[in-house]
Amino acid sequence: MFRSIIILITIFVIIIAVSYNWLYEFYTVLGYNRPNIKPYENGKCRIIRGVEACEDIHIHHRTGYAFMTCGNEIKRTKGYWPPLSTYNSNIQTKDTPYIYDINNDKLIPLVLKNFPLEEDFATHGLGIYEDPENENKLYLFFVNHKRSGSCFEIFEHTLHTNELIHLETIQHKLINTPNDVVPVSRHEFYFTNDHYNNNPTYKHLEHILPLSWANVVFHSSITNETKIVAEMRLPNGITSNLDNSLIYVATTFGYVLVYERNKYNNELELKDKIFTGYATDNLSVDEETGEIYCAIFPKPYMVVAAHGKELGYAPFVPTGILKISNNTERDNEKYSLKPIFEDDGSLFQLTTIAAVDRKRNTLLLGSFRSKGIVRCNSLEPLI
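Just so we're aligned, residue 1204 is where the sequence shown starts under the working numbering, counting upward by one.
The set of hints was computed from the structure by calculation and includes no laboratory data. These figures come from a predicted structure and were not determined experimentally. Treat the hints with care, as some may be off.
Heads up, simulated PhoX-like pairs for lysine-lysine below, C-alpha to C-alpha not over 20 Å straight-line [what the hints assert, rightly or not]:
id	residue 1	residue 2
1	K1349	K1278
2	K1247	K1562
3	K1241	K1541
4	K1474	K1376
5	K1574	K1247
6	K1349	K1316
7	K1247	K1476
8	K1537	K1476
9	K1297	K1281
10	K1430	K1466
11	K1406	K1281
12	K1297	K1316
13	K1349	K1309
14	K1309	K1541
15	K1278	K1562
16	K1247	K1340
17	K1574	K1309
18	K1349	K1281
19	K1297	K1574
20	K1278	K1297
21	K1278	K1241
22	K1281	K1316
23	K1476	K1541
24	K1297	K1241
25	K1340	K1376
26	K1574	K1281
27	K1376	K1430
Go ahead and model the full structure; you've got the sequences and the hints to work with.
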């Protein structure tokens, strides 16, 4: 009897401890107690007009070309785009990817070749792989939320041209709620499913319940293998370091997860778990320093308030960028977390990516629901 009581008390204490940690993290990430963010006024960042709804940006550092998945604000919020739980199948989406030439401050629309006119092209995450045998050839991997089911579209691009030549479409039952992608070869890539469920009601439950139902999936067209390699709560952006030995995953509820990749079997082993305290979207890694640049939502409850409201009438939503570095201070923390950009939404809203280019001392900010992109001529524009 006494032993049973001890076991019950132990279980109760564990439940309380786990619940307290989860509730603390949940409250912190929601940002209710976070001070109000002021308008950005340091003058190091400006809007680049001519595009909109550019959810993801990847910079090809040798050329200074930034490849972007851009769309249409109205179709993002009123058409068929599952990430926002908008399922109006009467509207066809045909996004136009862009290059932003950092050196010449120029936007270049990309033309899709060999891609069926009747097919949707509703973009989300983007990954780039450079051909190791031809430095002028790139392979671009797009998340495509077609009305017939989400998939990946792979294109070939020759640098200094404006064409994307469609090579193949990848579909699989594990491509469920794809968000972002990182290729590790021409025929292999990892991607995040940001939810387990497609149903909007069940997706909202995943935001509340502390359940690791969503996942990271590895796909190989070489071995015809598609498998879950990690499970977690609400994964979002995914990227890698320069040699693809480390895979980084951001989660909507406050973590950046660092995995070691086994190049022989493509399994992932968790190396570090970094609590950012913010709803974290896409990631960009500085190839020279290894620092991680995170797009964050300081007050994500305001994102919910803005969603569904007519464009031009939604409230400003604060946005920010967080930099994660190795901690050089004399304390027990392994990483240093530093906000490097904050805005109350009056300059730019809902930042989903901060692409870093140290060579040109440039940050590029994109958003799934804002007009333009932001160019910062500083890697720490708050200073």
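Verification of the hints:
no.: 1; hint: K1349 - K1278; result: 13 Å, holds
no.: 2; hint: K1247 - K1562; result: 17 Å, holds
no.: 3; hint: K1241 - K1541; result: 17 Å, holds
no.: 4; hint: K1474 - K1376; result: 28 Å, violated
no.: 5; hint: K1574 - K1247; result: 19 Å, holds
no.: 6; hint: K1349 - K1316; result: 18 Å, holds
no.: 7; hint: K1247 - K1476; result: 32 Å, violated
no.: 8; hint: K1537 - K1476; result: 11 Å, holds
no.: 9; hint: K1297 - K1281; result: 14 Å, holds
no.: 10; hint: K1430 - K1466; result: 15 Å, holds
no.: 11; hint: K1406 - K1281; result: 19 Å, holds
no.: 12; hint: K1297 - K1316; result: 13 Å, holds
no.: 13; hint: K1349 - K1309; result: 30 Å, violated
no.: 14; hint: K1309 - K1541; result: 31 Å, violated
no.: 15; hint: K1278 - K1562; result: 35 Å, violated
no.: 16; hint: K1247 - K1340; result: 33 Å, violated
no.: 17; hint: K1574 - K1309; result: 16 Å, holds
no.: 18; hint: K1349 - K1281; result: 15 Å, holds
no.: 19; hint: K1297 - K1574; result: 17 Å, holds
no.: 20; hint: K1278 - K1297; result: 10 Å, holds
no.: 21; hint: K1278 - K1241; result: 30 Å, violated
no.: 22; hint: K1281 - K1316; result: 27 Å, violated
no.: 23; hint: K1476 - K1541; result: 17 Å, holds
no.: 24; hint: K1297 - K1241; result: 36 Å, violated
no.: 25; hint: K1340 - K1376; result: 30 Å, violated
no.: 26; hint: K1574 - K1281; result: 16 Å, holds
no.: 27; hint: K1376 - K1430; result: 10 Å, holds
Violation of the numbered hints given earlier is confined to hints 4, 7, 13, 14, 15, 16, 21, 22, 24, 25; the remaining hints are satisfied by the structure.
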